[in-house]
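*Asks:* This is what each chain is made of:
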Amino acid sequence: MDELKLYTYIAVFGSFAMYFAIAWWARAGSTSDFYVAGGGVTPMQNGMAIGADWMSAASFISMAGLIAFLGYGGSVFLMGWTGGYVLLAMLLAPYMRKHGKFTVPEFISDRYYSKTARIVAVVCLIIASLTYIIGQMKGVGVAFSRFLEVEYDNGLYIGMAVVWVYAVLGGMKGITYTQIAQYCVLIFAYTIPAIFISLQLTGNPIPQLGLGSTLADGSGVYLLDKLDMVVTELGFKEYTTNNMGGSLNMFAYTMSLMIGTAGLPHVIMRFFTVPSVKAARSSAGYALVFIALLYTVAPAVGAMARFNLMNTIEPAAGQNMDYAERPQWFKDWEKTGLLKFEDKNADGKIQYVADKEKNEMVKVDRDIMVLANPAIANLPNWVIALVAAGGLAAALSTAAGLLLAISSSISHDLMKGVLTPDMSEKNELLAGRIVMTLAILVSGYLGLNPPGFAAGTVALAFGLAASSIFPALMMGIFAKKMSGTAAVAGMCAGIGVTMLYVFQHKGIMFIPGTSFLGDMGPNWFLGISPNAFGAVGALVNFGVAFAVLKVTGPAPAHIQEMVDNFRIPHGAGAAHDH
Amino acid sequence: MEGNTTYWQENLRLIFICLVIWFVVSFGFGILLVEPLNAIRLGGYKLGFWFAQQGSIYTFLGLIFWYSAQMNKLDKKYNVEES
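Chain order of the listed sequences is Y and U.
Everything in the first sequence is counted per this note's numbering, starting at 419 for the first residue and increasing by one.
Everything in the second sequence is counted per this note's numbering, starting at 7 for the first residue and increasing by one.
It cannot be assumed that every hint is accurate.
[Stated by the list, open to error] Here are some chain U residues pointing at chain Y (derived, C-beta under 8 Å): (1) 13; (2) 24; (3) 28; (4) 37; (5) 51; (6) 52; (7) 55; (8) 59; (9) 66; (10) 70; (11) 77; (12) 88.
[As the list claims (entries may be wrong)] Using C-beta positions, here's what the derived DEER-type ranges look like: (13) Y:534 with U:12: 31 to 37 Å; (14) Y:761 with U:39: 42 to 48 Å; (15) Y:580 with U:12: 51 to 57 Å; (16) U:83 with Y:968: 32 to 38 Å; (17) Y:755 with U:76: 52 to 58 Å; (18) Y:867 with U:12: 52 to 58 Å; (19) Y:863 with U:18: 45 to 51 Å; (20) Y:856 with U:49: 50 to 56 Å; (21) U:18 with Y:531: 22 to 28 Å; (22) U:49 with Y:534: 52 to 58 Å; (23) Y:773 with U:25: 42 to 48 Å; (24) Y:439 with U:18: 43 to 49 Å.
Think of the hints as simulated: they come from the structure by calculation, not from any bench.
Note that beta-carbon positions come from the ideal geometry of N, C-alpha and C, so glycine has one too.
Based on the provided sequences and hints, a complete structural model is requested.
*Replies:* Quick look at the structure:
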């Protein structure tokens with residue numbers, strides 16, 4: 419066994435042993451423990467746990483890779499996935515905490531005084547969360563396939579098994595403490611290689627500053643200027659101005675991710691566990707601090723990875739690398755099938771250009787960039803091993819949090835809340851675990867042919883949450899008169915429009931071959947990509963809800979009083995069941 | 007109850023201010039005005055590019071903590087703190 423493998427096994431198994439130990443130590447004993455960790459979590463701890471929960475395979479493995487190839491266009495992920503916290507802190511978290519319930523559908527059913535509203539919310543939540551997990555599964559598959567040196571599909575099966583053992587064992591309480599550990603692992607794993615590479619390329623150890631610095635080769639040229647030059651010479655779009663599908667698409671994309679963030683149940687659920695309304699506001703801030711640590715480093719990782727990749731393949735114009743002399747990381751990734759080379763002009767050298775006819779790097783899966791990055795930059799083996807552990811931590815923590823959200827919405831909201839109210843606690847927990855198992859099987863199956871790169875798939879999930887849950891919650895708090903009928907109509911219209919648009923381009927439930935319009939730019943409405951359509955869906959949701967409200971009349975007086983009550987922090991108690 | 011209404015209105019005013027800033031730094035500087043801003047440089051960064059990939063995130067952070075602090079003051083002023 420070579421040194422790299424040994425280190426990777428130590429890092430991955432060591433960190434996993436730690437998570438399992440913590441999960442076992444803090445395992446859930448009761449239903450309330452299973453869902454909300456007993457409420458005794460400080461804003462700082464909660465912020466860290468939210469950070470780990472939030473930063474998934476999409477953030478860790480996929481995002482910087484997408485930025486590397488999209489350049490400026492990748493900004494939608496950076497702004498979209500952080501700006502949502504502003505909305506959460508101001509528009510949702512404090513009021514939902516004050517109301518004091520366990521789950522998002524519970525809040526919706528109280529506020530909109532109807533079981534229909536609760537069922538609709540559960541359905542929206544399941545669709546969004548499942549889509550999200552497909553994205554995670556892609557990330558898990560990539561990480562395991564590289565780490566165990568197997569095909570992507572086998573990596574995915576192994577990942578499914580690990581996620582199952584992990585998520586079914588613990589509940590929220592186990593997950594909260596484990597996630598704090600996972601946050602630490604993933605942030606170290608992400609920033610250490612970035613610091614090394616930034617130091618190597620620019621001499622500045624802080625990646626956020628390194629990205630704006632001059633190259634350390636003595637030329638005095640800024641890194642970003644040089645990168646722009648290199649990529650445009652090969653026919654690619656200029657890195658710092660490459661506008662992804664036009665301003666309108668970028669606008670809608672960012673908006674969709676922002677309001678989707680504020681509408682995703684597994685994130686909102688976290689704010690039910692803080693001790694007070696005051697803590698709910700500051701938790702959002704702490705969460706963003708921990709998230710920003712990674713998100714402000716990501717653009718540097720992306721740009722530098724692209725820079726190193728280009729430089730490795732073509733160190734100087736015209737001096738392309740011989741395929742026979744390709745480095746070890748190249749061979750390793752070829753084994754996974756995620757990196758493919760085809761010698762089109764049979765000169766034995768690697769040509770990587772924008773022109774599809776001449777380009778010989780026929781497949782460079784964006785999701786391998788972050789994991790391959792330290793090896794491309796020739797960093798020490800222990801750093802490469804650390805990144806593998808970090809990527810797995812990110813994917814695992816989010817998958818577990820989402821599975822918990824899905825299982826609680828089915829077992830707690832649907833079965834106990836609506837169908838069989840006299841179910842015992844023990845059966846509720848059992849039902850939750852069965853639901854988790856099914857969710858893993860479904861998302862794993864769909865993960866075999868994911869509708870996009872991990873971050874793109876996750877973006878679709880955000881669009882679905884943005885178009886359904888967020889408007890219903892926001893109107894529930896800010897429009898006192900909003901009635902149940904109107905909100906249900908809004909949610910159905912919003913998610914309906916978004917799903918129709920997404921499925922007609924990406925396939926029904928993402929099954930390949932069922933997309934009747936094809937995933938093509940010319941068929942897009944106003945040039946808005948399916949990933950960005952959640953913003954339009956949200957507008958439809960608001961529009962329909964207010965129109966129906968006009969026709970059917972306002973919510974009853976006692977509901978309006980309830981809204982008045984959760985608008986002020988006074989008298990907040992702990993989260994409680996019915 | 008009268009006090010609660012003004013409390014809510016002051017809260018709405020704060021939210022409005024924050025969201026205007028939130029919108030301007032991200033959608034404004036980062037997307038709609040990115041081209042004119044890119045003419046200005048911040049070290050190796052073009053300014054519009056910097057707002058899109060760095061500046062907006064720092065601003066979001068500042069906004070949340072400022073809002074929390076202001077709301078804590080407001081809670082005290084209207085005596086609606088949690089017991």
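*Asks:* Does each hint hold? Answer for all of them.
*Replies:* For each hint, the structure was consulted:
no.: 1; hint: 13; in the structure: holds, 6 Å
no.: 2; hint: 24; in the structure: holds, 6 Å
no.: 3; hint: 28; in the structure: holds, 5 Å
no.: 4; hint: 37; in the structure: holds, 5 Å
no.: 5; hint: 51; in the structure: holds, 4 Å
no.: 6; hint: 52; in the structure: holds, 6 Å
no.: 7; hint: 55; in the structure: holds, 5 Å
no.: 8; hint: 59; in the structure: holds, 4 Å
no.: 9; hint: 66; in the structure: holds, 5 Å
no.: 10; hint: 70; in the structure: holds, 4 Å
no.: 11; hint: 77; in the structure: holds, 6 Å
no.: 12; hint: 88; in the structure: holds, 5 Å
no.: 13; hint: Y:534 with U:12: 31 to 37 Å; in the structure: holds, 36 Å
no.: 14; hint: Y:761 with U:39: 42 to 48 Å; in the structure: holds, 45 Å
no.: 15; hint: Y:580 with U:12: 51 to 57 Å; in the structure: holds, 54 Å
no.: 16; hint: U:83 with Y:968: 32 to 38 Å; in the structure: holds, 36 Å
no.: 17; hint: Y:755 with U:76: 52 to 58 Å; in the structure: holds, 53 Å
no.: 18; hint: Y:867 with U:12: 52 to 58 Å; in the structure: holds, 56 Å
no.: 19; hint: Y:863 with U:18: 45 to 51 Å; in the structure: holds, 47 Å
no.: 20; hint: Y:856 with U:49: 50 to 56 Å; in the structure: holds, 52 Å
no.: 21; hint: U:18 with Y:531: 22 to 28 Å; in the structure: holds, 25 Å
no.: 22; hint: U:49 with Y:534: 52 to 58 Å; in the structure: holds, 56 Å
no.: 23; hint: Y:773 with U:25: 42 to 48 Å; in the structure: holds, 45 Å
no.: 24; hint: Y:439 with U:18: 43 to 49 Å; in the structure: holds, 47 Å
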